[in-house]
Amino acid sequence: MRIRGLVKASNRVRDQLKIGIPTHEVSSFQQYVKGTLQATEQICARAGIQPCQLPVPSRNAYQFLTGVDLKHLPIVESNSGMQGAPNGHMEISIRQIRRQQQSFQRQIAGLNPLETKIERLLIKQLEQRTAKIEQLCADQGATPANLTQQSKTVYGWMKFLQHEDHLHLHASAVYRATDLLKRTLANQKHSLEGSASRVSSLNDRMIEFTPMAALYRCRLRGPQPTIKINEGFILANTDVIQAIVDSILWGKTPKTSTLIKEYSLSEDFSELLLALDLMVDDLGNTAQGNVYNLDDVFVSVNQAYFNLRVGKPRLCWSKVYSNRKFGHYEPSCDRVVMSLSLDSDKLPNYVIEFVMYHELLHKVHGGRTQNGCRRVHTSEFRRDEQQFKYYSQAQQHLERLAQML
Numbered sequence: 001m002r003i004r005g006l007v008k009a010s011n012r013v014r015d016q017l018k019i020g021i022p023t024h025e026v027s028s029f030q031q032y033v034k035g036t037l038q039a040t041e042q043i044c045a046r047a048g049i050q051p052c053q054l055p056v057p058s059r060n061a062y063q064f065l066t067g068v069d070l071k072h073l074p075i076v077e078s079n080s081g082m083q084g085a086p087n088g089h090m091e092i093s094i095r096q097i098r099r100q101q102q103s104f105q106r107q108i109a110g111l112n113p114l115e116t117k118i119e120r121l122l123i124k125q126l127e128q129r130t131a132k133i134e135q136l137c138a139d140q141g142a143t144p145a146n147l148t149q150q151s152k153t154v155y156g157w158m159k160f161l162q163h164e165d166h167l168h169l170h171a172s173a174v175y176r177a178t179d180l181l182k183r184t185l186a187n188q189k190h191s192l193e194g195s196a197s198r199v200s201s202l203n204d205r206m207i208e209f210t211p212m213a214a215l216y217r218c219r220l221r222g223p224q225p226t227i228k229i230n231e232g233f234i235l236a237n238t239d240v241i242q243a244i245v246d247s248i249l250w251g252k253t254p255k256t257s258t259l260i261k262e263y264s265l266s267e268d269f270s271e272l273l274l275a276l277d278l279m280v281d282d283l284g285n286t287a288q289g290n291v292y293n294l295d296d297v298f299v300s301v302n303q304a305y306f307n308l309r310v311g312k313p314r315l316c317w318s319k320v321y322s323n324r325k326f327g328h329y330e331p332s333c334d335r336v337v338m339s340l341s342l343d344s345d346k347l348p349n350y351v352i353e354f355v356m357y358h359e360l361l362h363k364v365h366g367g368r369t370q371n372g373c374r375r376v377h378t379s380e381f382r383r384d385e386q387q388f389k390y391y392s393q394a395q396q397h398l399e400r401l402a403q404m405l
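Using my numbering, the final residue of the sequence shown is 405, and nothing's skipped along the way.
Hints listed in this document are in silico derivations from the structure and should not be mistaken for laboratory results.
As the structure is a prediction and not an experimental result, all values here were calculated from the model.
Don't take every hint at face value.
Said to hold, decoys possible - Label pairs and their computed distance ranges (CB to CB): (1) D15 / H163: 16 to 24 Å; (2) Q31 / V299: 40 to 48 Å; (3) S103 / A214: 39 to 47 Å.
Said to hold, decoys possible - With a cut-off of at most 27 Å between alpha-carbon atoms, the simulated DSSO-like pairs for lysine-lysine come out as follows: (4) K18 / K312; (5) K34 / K18; (6) K389 / K18.
Quick reminder that beta carbons are idealized off the backbone N, C-alpha and C, glycines included.
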């Protein structure tokens, strides 16, 4: 049984938490969350089921809402220059931003993974485009965090492709997926049926990797068939991408569904999506939280596990509430970002210390690219990660916290 509007409600709450709740809206926000949960529980009771028996999207939405700490909300002042828009917040929409994204997608689809000069040129174009968006926001006394959801998503995607080797990884994923699709169709040319039989105009610009809620989506009818794959899969291996291609062409099977689902729950997938979110997240300007000071956490971990040899990165809290990732290290700006969900006196100290240790290991080990895929959780990384004194206990706490968010 799917509860209509529940996923939309959880997304609305998630977006509001990212930008903060004005002081005069705290009460109504709390009532909205409580009312949504109460309505969901009443519907389930009438149907004779528990919320944990809902389909995955509705169940995840319900679990996220139950995990919102209504007593410790991210508050923003009501007079912060955002008046004049619905709910007291300024929202800025970038005209035709989806068309701009599609233009970049077409250019990326035409890239050969070895064409580094063209990649650099494309990065400059992305930088120019995002700089214009940032200036437009600044002219209105706002930041990209005040963009409408669609504009924010595309802006964050453009910023993401400018960092490290993200554009190269993205272009390589498009190239690999397109090659797999071509080879699959060629090998099964005489037995096409179902969805596959409708691929009438295959071209090199048919596949896009893009940030979206779904894992993948396709439109195979019409003169311009398209396949859209969640950006989180750009690090996936060939077996996972093949599973997506097969599911689109021949329909889902237990094997392909398992491969896709397991990867979507992986740390690599979650970390990449968190990196996308952080491109437009309104980060705190201080390492001081309500409970923990990240400066103190860093010093403690650096002394205990690195003999004070690790240089201090920038440390800040994020308003992104992730149900899989609680920290993120950004090499491009030497920054460790920690989720506010860890800033709680209900968690033992070693939990936030473990997340800090994990992120500092990313700084120490770096990453490596192999066969077009970037690997940051290498065997060496995992070996060192398990040296944390309370490794098992911290993992158990994080798993329980993930189920609550």
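Just to be careful, I want the Cα atoms of K18 and K312 compared with a cutoff of 27 Å; is the pair within it?
holds (26 Å)
Holds or violated: 40 to 48 Å for the Cβ distance of Q31 and V299?
holds (41 Å)
Starting from K389, check that the Cα of K18 is at most 27 Å away, please.
Distance of about 33 Å is beyond 27 Å: violated.
Check whether the Cα positions of K34 and K18 lie no farther apart than 27 Å.
Between K34 and K18 the Cα gap is close to 19 Å, so the pair holds against 27 Å.
Does the Cβ-Cβ separation between S103 and A214 fall within 39 to 47 Å?
violated (22 Å)
Cβ-Cβ distance between D15 and H163: within 16 to 24 Å?
holds (23 Å)
Hints 3, 6 from the earlier list are contradicted by this structure; the remaining hints agree with it.
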